[in-house]
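Number of protein chains: 4
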Amino acid sequence: MAQSLSEVRYEIALANRMLANEGVLDAFGHVSMRHPGDPSRYLLSRSRGPELVEPSDVLEFDLDSEPVVPPTARLYSERVIHGEIYKARPEVTAVCHHHSPAVLPFCITGKELKPIYHLGAVIGTKAPFWDQRDEFGDTNLLVVKPEEGRSLARALGPHWVVLMRRHGATVAGTSLRDCVFRTIYSCRNAEYQLEAERLGTIGPLSAGEAEQAGEIHQQPGPLNRAWEYWVRRVEKKGEAPPRLSTKRGAARRAGLSGRRKAAPRGAKKPSRKGSR
Amino acid sequence: MAQSLSEVRYEIALANRMLANEGVLDAFGHVSMRHPGDPSRYLLSRSRGPELVEPSDVLEFDLDSEPVVPPTARLYSERVIHGEIYKARPEVTAVCHHHSPAVLPFCITGKELKPIYHLGAVIGTKAPFWDQRDEFGDTNLLVVKPEEGRSLARALGPHWVVLMRRHGATVAGTSLRDCVFRTIYSCRNAEYQLEAERLGTIGPLSAGEAEQAGEIHQQPGPLNRAWEYWVRRVEKKGEAPPRLSTKRGAARRAGLSGRRKAAPRGAKKPSRKGSR
Amino acid sequence: MAQSLSEVRYEIALANRMLANEGVLDAFGHVSMRHPGDPSRYLLSRSRGPELVEPSDVLEFDLDSEPVVPPTARLYSERVIHGEIYKARPEVTAVCHHHSPAVLPFCITGKELKPIYHLGAVIGTKAPFWDQRDEFGDTNLLVVKPEEGRSLARALGPHWVVLMRRHGATVAGTSLRDCVFRTIYSCRNAEYQLEAERLGTIGPLSAGEAEQAGEIHQQPGPLNRAWEYWVRRVEKKGEAPPRLSTKRGAARRAGLSGRRKAAPRGAKKPSRKGSR
Amino acid sequence: MAQSLSEVRYEIALANRMLANEGVLDAFGHVSMRHPGDPSRYLLSRSRGPELVEPSDVLEFDLDSEPVVPPTARLYSERVIHGEIYKARPEVTAVCHHHSPAVLPFCITGKELKPIYHLGAVIGTKAPFWDQRDEFGDTNLLVVKPEEGRSLARALGPHWVVLMRRHGATVAGTSLRDCVFRTIYSCRNAEYQLEAERLGTIGPLSAGEAEQAGEIHQQPGPLNRAWEYWVRRVEKKGEAPPRLSTKRGAARRAGLSGRRKAAPRGAKKPSRKGSR
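Chains as they are written, first to last, in our numbering: chain A, 1 to 276; chain B, 1 to 276; chain C, 1 to 276; chain D, 1 to 276.
Just so you know, the hints here were simulated from the structure itself, not pulled from any lab data. Certain hints may be false.
Copies of one chain are not kept apart here, so a pair can be met inside one copy or by any two copies together.
Each computed DSS-like pair below joins lysine-lysine, with the alpha-carbon atoms no more than 30 Å apart [said to hold, decoys possible]:
1. K111 - K126
2. K145 - K111
3. K145 - K126
4. K87 - K126
5. K114 - K87
6. K87 - K145
Quick caveat: nothing in here was measured; it's all calculated off a predicted structure.
Chain A with its partners taken away, still in its complex shape:
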């Protein structure tokens, strides 16, 4: 495992804060990452506003979205979005669910979101549209039941962005950075498309352009340049997540099994730092 779990949990907290800082997430929405050492698990914060997430908030779940260690804190009710996409798409290692203002007008009208500039090609050739009502009738629109999560994952299919009617969007990525990049630039694409729809006739990317431009951010140059930029913006505001004091203590506190075995819970009292 190239990256320590401690580092992974830090990066997940950071990704949450970056997406909040760039206007994608508000009080709601979340980013997860597949466990780097065990593809049958994923890492996701306990329930709290994304810009507040700390490494010690990041917990481990199996792909049925059950916490590996019985939790002491409240969990996000929409975890199945993550678990079911990880099940359906082995190559996906990060998922973001959001209600960005940029995509909501598309979610409300059903207007097709399509790549209309080079960086918007992160959307891929198609962003499917999922209407929960088709299969489940009247709900509260949250994706809480496993079958709701599976239905969403089916709608996503082999694509990278799925719009959720009257709700928001979910974005998949092949790495945490890929997922953050796709999330931010699909939102920018949505903003520009919204304005362009009113200004005139859109000349969208051709299939060939969409394919070739879709690979730009796969190059380490652009991907890392953007990541450095978003990280520094968080840091300059003094909003970087706190570092965990020790890896062992932190893993225990957060219910994270560092060596793939659940640490005996409650064996030690959580330190004061970890419990906030």
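For this one, chain A is given, so just place chains B, C and D on it according to the hints.
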């Protein structure tokens, strides 16, 4: 009384600042709360910009919107909005009046504001539209007379959000947190609806969805997650209200009767801290 | 003279910064005030970005917009806007010229700006539209010559806001606070009208409403509440103008004649603080 | 050479940060300047987000966009935009390439961007529209090959702003300040035009107005006033670039040949400060 009056006044100041920080209130607008120990009274700041309100600014009023203790400071002229809604709706314990940019286009055109995404279901199934001119002819559009407040309360009826033509909106809640949540997410809904109206045909929530989604924020998870997020954003900017130094002195200074009896006014000079 | 010149110059610097902070002014635009002791003079900053103006930048001009003391610094080329309005309107004691994003779409299209909510009634019953080309043909669109300023003042007539085609707007007031209030809320009105024009049919204020609502901000309550709010927002950012160290030295440095006599220029070297 | 190379590199870093701070650049985009002492070279940062650029990041390139000193860091892949424009336009001494939200709707629809207010006259009488697909078929839309850069430079022709279909814009200037001013105010013009297109019929500048107003910012007054304003805004946020400790060491570190001779590379280890 579960919550001390001192804490209540702090939370009212905080709610004012949170709503200013999230772009709902500017120099104008106000949030009140029903007195936790006496349903025939409510608590509201003296007249000042919401993002400047301090606990010591929060005064006590009867439901005719008369101050319990003769005031030394200028009061909001539109207090009757609060008093008349508290009279008409016993289950309402918090009220916000605002001129948010998000709702003004609806207030100006009479276009119906309707829930168009899950969190927008806080609006309820209907947001009535009140035109002061219908009953009172030409006015300065402020809601100052008791009969104007009563007319507005009648228009609100059993709903949670009422739009006021050429003026703004008023939002009711079953708790301060409920009221803040409804205010912020009804504004977000308005913003997205405005954009969506231009982009295509809106597929609104069905009645069943509106009802079910309208209960999401009644759950402690989402409600508290959002509250923590808005509070922390105020705190991170160094904008949290100052704490009162002592409860007794503060209550006296602000004309707040801690035990349901008016403290003899002027018995002691206000401390320097309280008088700013 | 109730207010010292030192205080007046501080308030002019503050008003410039407030209007920049609220998004009305950027690198360009300016606010002036009639001299409180001599109606045939007015006070305006030397040429610099409004959010950088300091009390020591504020100079004295006659109504032909000539500096009372030969200046050492570059002056705004559009001073005649101020001088000619002060000549034409004895009751006007403050003027703001701006290119706010809010009004530009109206300046470009000629669409009528009209009061569409209670606070927008600061516009008055009409905002005239001035097209420099009508009288002067092709120019660089700046208002530099006295006859251009006089033409603009004639277009303003007895009103409070005049739109300038392909350029911006100019706002008059009966006090500095009145002028700032009219400027900010006429811009807000423009923003809401722009959105409302797209959303549906505007139900504008009736003449009676416009008249009555137009007096709201003449009351000390709302006017001072808004002023306190805008000032505090500038102060909280650490952006309040510096105070002049001494009145006499400062007046001399800035070419301001404290007792209506021009101080002998260059008699003393400017202090280091005053010269920045 | 009036300006030292050290100062030039500081100003280039500053210009990058200013344009990021004013919302023109995000993780992408770049500003270059022709070498003040050798018109056959230009100066451009290594590849990183514009708001992070430091003087020590600024490298020297020949007009074929090859680095003068073999680089140790990753370079922008779109350097040919700069080199080919410097080749084609001897009077151009600064170039900015950007994807500002303001221009994207025009780049997507092909709607003509035209000067519609006095400051927007920086665009010049025409902003040509370049569609890479016309000449090169499907690409990833980046401008990487020399022939792509030459094609763009031909499209720009004698003008100052060229829109790039489904990509962004490139702006030329006769000095760094001129280029920054043209970039920011052409974006503002785009924003206002976008709004005005929806509000009514645009009354554009006449040719005579465009020509005369296009010279406003050539005057030192407006140009320097705006530059001071943008610089101070960066400085007030604590975002000004760091100063290089010593010119010699810095030039060596950055691969910049102070005296037009390449310093022997690797002769000395970069100092710790230079390597971050």
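Structure-based check of all given hints:
no., hint, in the structure
1, K111 - K126, "both (12 Å within a copy, 25 Å between copies)"
2, K145 - K111, "within (27 Å within a copy, 36 Å between copies)"
3, K145 - K126, "both (26 Å within a copy, 29 Å between copies)"
4, K87 - K126, "within (21 Å within a copy, 40 Å between copies)"
5, K114 - K87, "within (26 Å within a copy, 37 Å between copies)"
6, K87 - K145, "within (15 Å within a copy, 42 Å between copies)"
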